[in-house]
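For this one, chain S is given, so just place chain Y on it according to the hints.
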Amino acid sequence: MRFKKQMLTPYIFLMPQLLLVGIFAFFPLVYNLIMSFQEIGMISRGFVGLDQYVNMFEDEVFWTSLKNTFIYTMGTVPLTTLFSLVVAVGLNQKIAGKKIFRTIYLFPYLTSWVVVGLLWQWMYSTNYGVLNKLLNLIGLPSLAWLQAPALTIPSIIIASIWHDVGYYMVIFLAGLQSISPIYYEASTIDGANSWKQFRFVTLPLLKPIIFIVLILSMINSFKIFDQIYVMTGGGPGRASLMIVNYIYSVIITEMRLSYASAISIFLFLVILILTALQRRMFKDSDMEVG
Amino acid sequence: MKLQLNKTKTNKRVSKCLLYILLIGGAIIMAFPIFYMLSLALKPAAEIYSLDLKLLPENIAWSNFTEGWARSGFNKYFLNTIIIAIGAVLFSVFFNSMAGFALAKYNFPGRNIIFVFILTALMLPTQVKMVPLYLLMINIGWINTFQGAIIPTISQAFGVFLMRQYCLTIPTELIEVSRIDGCSDFRTFWQIIFPLCKPAMAVNIIFQFMWRWNDLLWPLIVIREEKLYTIQQGLAFFREDPSVAGGPIMAMSIVSVLPIVVLFFALQKYFIQGIATTGMKV
Numbered sequence: 001m002r003f004k005k006q007m008l009t010p011y012i013f014l015m016p017q018l019l020l021v022g023i024f025a026f027f028p029l030v031y032n033l034i035m036s037f038q039e040i041g042m043i044s045r046g047f048v049g050l051d052q053y054v055n056m057f058e059d060e061v062f063w064t065s066l067k068n069t070f071i072y073t074m075g076t077v078p079l080t081t082l083f084s085l086v087v088a089v090g091l092n093q094k095i096a097g098k099k100i101f102r103t104i105y106l107f108p109y110l111t112s113w114v115v116v117g118l119l120w121q122w123m124y125s126t127n128y129g130v131l132n133k134l135l136n137l138i139g140l141p142s143l144a145w146l147q148a149p150a151l152t153i154p155s156i157i158i159a160s161i162w163h164d165v166g167y168y169m170v171i172f173l174a175g176l177q178s179i180s181p182i183y184y185e186a187s188t189i190d191g192a193n194s195w196k197q198f199r200f201v202t203l204p205l206l207k208p209i210i211f212i213v214l215i216l217s218m219i220n221s222f223k224i225f226d227q228i229y230v231m232t233g234g235g236p237g238r239a240s241l242m243i244v245n246y247i248y249s250v251i252i253t254e255m256r257l258s259y260a261s262a263i264s265i266f267l268f269l270v271i272l273i274l275t276a277l278q279r280r281m282f283k284d285s286d287m288e289v290g
Numbered sequence: 291m292k293l294q295l296n297k298t299k300t301n302k303r304v305s306k307c308l309l310y311i312l313l314i315g316g317a318i319i320m321a322f323p324i325f326y327m328l329s330l331a332l333k334p335a336a337e338i339y340s341l342d343l344k345l346l347p348e349n350i351a352w353s354n355f356t357e358g359w360a361r362s363g364f365n366k367y368f369l370n371t372i373i374i375a376i377g378a379v380l381f382s383v384f385f386n387s388m389a390g391f392a393l394a395k396y397n398f399p400g401r402n403i404i405f406v407f408i409l410t411a412l413m414l415p416t417q418v419k420m421v422p423l424y425l426l427m428i429n430i431g432w433i434n435t436f437q438g439a440i441i442p443t444i445s446q447a448f449g450v451f452l453m454r455q456y457c458l459t460i461p462t463e464l465i466e467v468s469r470i471d472g473c474s475d476f477r478t479f480w481q482i483i484f485p486l487c488k489p490a491m492a493v494n495i496i497f498q499f500m501w502r503w504n505d506l507l508w509p510l511i512v513i514r515e516e517k518l519y520t521i522q523q524g525l526a527f528f529r530e531d532p533s534v535a536g537g538p539i540m541a542m543s544i545v546s547v548l549p550i551v552v553l554f555f556a557l558q559k560y561f562i563q564g565i566a567t568t569g570m571k572v
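These protein sequence lines map, in sequence, to chains S and Y. First residue of the first sequence? That's 1 in this note's numbering, and the numbers climb one at a time after it. First residue of the second sequence? That's 291 in this note's numbering, and the numbers climb one at a time after it.
Since the hints were made in silico from the structure, they are not lab data. For glycine and all other residues, C-beta sits at the position ideal for the given N, C-alpha and C. You may find that some hints are simply not true.
[To be verified] Pair by pair, the computed Cβ-Cβ distance ranges are:
hint	chain 1	residue 1	chain 2	residue 2	range
1	S	TRP195	Y	ILE482	47 to 55 Å
2	S	PHE200	Y	CYS473	51 to 59 Å
3	S	ILE273	Y	ILE428	29 to 37 Å
4	Y	TRP352	S	THR253	37 to 45 Å
5	S	ASN193	Y	ASN402	46 to 54 Å
6	Y	ARG303	S	ILE182	22 to 30 Å
7	Y	ILE311	S	ALA150	27 to 35 Å
8	Y	GLY400	S	LYS196	50 to 58 Å
9	Y	TYR310	S	MET15	53 to 61 Å
10	S	ILE179	Y	ILE482	31 to 39 Å
[What the hints assert, rightly or not] Distance condition first, Cα-Cα at most 25 Å in a straight line; then the derived DSS-like pairs of lysine-lysine:
hint	chain 1	residue 1	chain 2	residue 2
11	Y	LYS306	S	LYS99
12	S	LYS94	S	LYS196
13	Y	LYS306	S	LYS196
14	S	LYS196	Y	LYS302
15	S	LYS94	Y	LYS559
16	Y	LYS559	S	LYS99
Just chain S, with the same shape it has in the complex (with noise of 0.2 Å):
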């Protein structure tokens, strides 16, 4: 009886958790599966095989929003990237004040993604905005940020590498830290320069760890939706619509259930690929992130 009590237990401890994420997290998987094989009528409910998702390719506005999405990650991951790996590098340094910069650069990841919104709105703004203002002070004509086609989504990306550069920049430091000073110290008794050291000490000891910050911040550009929701709610026209704003509005607005199945699923796949690759990277590399 003891025996099997003892049996029991690492059960009951998971048990709390496992309900959750199978009420939660997997049921709603298989839900959204079945739902997007099916069309809800008024009172009918019935499968339509793949006419959803045939809706889907069909759909400019889709195609729209998933190509709205790509220029976003397109922009935002490799400057994010880049920048984070730069200041990063910079303050893995002997540097003096180091703890300040790293304050002052991870601060913006602290705001919600409503306050950087609101916020870069205001700086964007085509009369009473800073930044129109700056660039006339140096003899540049305004910009319509915001109401520019061809000018939204990049101003947006410009907020969010402003967000998040302080975030991976920590990854990136963390990572930094973990690679041990022979290195370092090897390389200097064969002569290196800070240059050549970077590029072949650091650069290939960091690799799985650009790779992992590449697929996060991969991840998260597919996941934007706040930002957009309160500069520009898609606009001018569709020109800054991406998926989950596309897939929101199909919910809330058409009440298109299953149709926004389909979308969900489709997103779905492509943050699966993206996380099977960044596992797969964790299992490859030796070097742990933290």
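For chain Y alone, coordinates are given in the frame of chain S:
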């Protein structure tokens, strides 16, 4: 030889100078929007909506804060968000550490499958399960309730992963000794493991709190009544009100960030550690 040495020394000095210029320049760019937010929050409307823009307010308008606070229900929104964030933190910390402990310290059939199952939650952010969760909330009557805003968010895997990693570092002998002393496993967990896990729990608390505090998407779906709005919803809708000026909006934005800023400065060490670990989080 001496010349060579001098040259590398000067080189080093030059590159250090460049490094400082780069870091300080970057820091100014990073700090500027925050500074500007403060400036806007303290400017009277006439100075905000002025074509002759000044960086600093000429007349300080504290009234932006009082007006923002009074105009819409920020006291309500604050209280709601505190309830939601603290509720989510309590449940997460407790359930995550139980699960993390079991996964780290017991050998039982199905352990790996269960671990993988819990990790699937990593790939299922709110963004990909809006439809089923929305329907689920409607069906169990959790729309416009605190439990609806709290419970679905605590299925995240980050805390479990964090606690598991931490519990792995606790010597198993501790558990065995207390077992020999006749302590039940639950008492062992509560009285020995739980207190030992404080550092990992601090990390979990900070991040759960910040995620809930800053979240917009889930509250938007589950909370549709103004009196239950969270602070982020309040801010987002405050902006849509055409009669609200920029000053009060920025003032309320600052107020909304304050709790996280306090948390950050009080527990900076754990904060930094947590981010380093969120390399794992999706």
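Index of numbered hints that the structure contradicts, given in increasing order: none
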